[in-house]
Amino acid sequence: VTRIEGGNIVLAREHVQVQPLLNEVLELFEAPARQRSISLTCHAPKAMPCVIGERDSLLRVLSNLVGNAVKFTPPCGRISVHARLLEEALRFSVEDTGPGIPSESLPQLFERFWQANPTRRVGVGLGLPIAKTIVEAHGGRIWVESVPGRGTTFHFTVPCAPPS
Numbered sequence: 188v189t190r191i192e193g194g195n196i197v198l199a200r201e202h203v204q205v206q207p208l209l210n211e212v213l214e215l216f217e218a219p220a221r222q223r224s225i226s227l228t229c230h231a232p233k234a235m236p237c238v239i240g241e242r243d244s245l246l247r248v249l250s251n252l253v254g255n256a257v258k259f260t261p262p263c264g265r266i267s268v269h270a271r272l273l274e275e276a277l278r279f280s281v282e283d284t285g286p287g288i289p290s291e292s293l294p295q296l297f298e299r300f301w302q303a304n305p306t307r308r309v310g311v312g313l314g315l316p317i318a319k320t321i322v323e324a325h326g327g328r329i330w331v332e333s334v335p336g337r338g339t340t341f342h343f344t345v346p347c348a349p350p351s
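FYI, my numbering numbers position 127 of the sequence shown as 314, with every residue one higher than the one before it.
None of these hints come from the bench; they were simulated from the model.
Glycine residues also receive a C-beta, built at the ideal position from the N, C-alpha and C atoms.
Where hints are given, some of them may not hold.
Distance windows between CB atoms, simulated [as the list claims (entries may be wrong)]: (1) R337 <-> N210: 27 to 33 Å; (2) P335 <-> T228: 19 to 25 Å; (3) L198 <-> E275: 27 to 33 Å; (4) R247 <-> E217: 16 to 22 Å; (5) K258 <-> C229: 16 to 22 Å; (6) M235 <-> E298: 30 to 36 Å; (7) R278 <-> S226: 17 to 23 Å.
Whole structure, please, built from the sequences with the hints as guidance.
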């Protein structure tokens, strides 16, 4: 974690196809979501440009966000993964119908070891800081929107590959 946060992360940049990346993350979390009666869907245009980045690192970010959504969404809830084309980037979003996050907690979400409910230790509090570092190393940004009682949406951007 220190190496990643210290900027000592080297990404093997390549053209990454988005649809196979989304399919893989959905396959990873299909069974855990189904076990909790959570609907897991993906909304993405069929024709999307590739993004520039390291495939495994991007999969790690998506897996962290979807995994957190599965962990915190109550049974019979919904999780939607979206990919939308912006001008020169792709925006990924993971939206859930979980309990939401109080506004006073939002600024700390990307800090190491921080958890909204420290008495209910769920993980170690490193997933979101690592996700943030990976996204920023790709030249993107990550942010969260949440309404307590209505759910949470994490968004991140990754630059698109130039047209060939």
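Verification of the hints:
Here the CB-CB span from R337 to N210 is close to 28 Å, well matched to the stated 27 to 33 Å. Our hint of 19 to 25 Å for P335 and T228 holds, since their Cβ atoms are close to 23 Å apart. For L198 and E275, the hinted distance range of 27 to 33 Å is not satisfied, since their beta carbons lie about 18 Å from each other. A hinted range of 16 to 22 Å for the beta carbons of R247 and E217 is consistent with their spacing of about 18 Å.
Checked against the given bound of 16 to 22 Å, the beta carbons of K258 and C229, roughly 19 Å apart, stay inside it. The given range of 30 to 36 Å is respected by M235 and E298, whose C-beta atoms sit roughly 32 Å from each other. Range check, R278 to S226: about 22 Å between beta-carbon atoms, so the 17 to 23 Å window is met.
Hint compliance for this structure: hint 3 is the single one not met.
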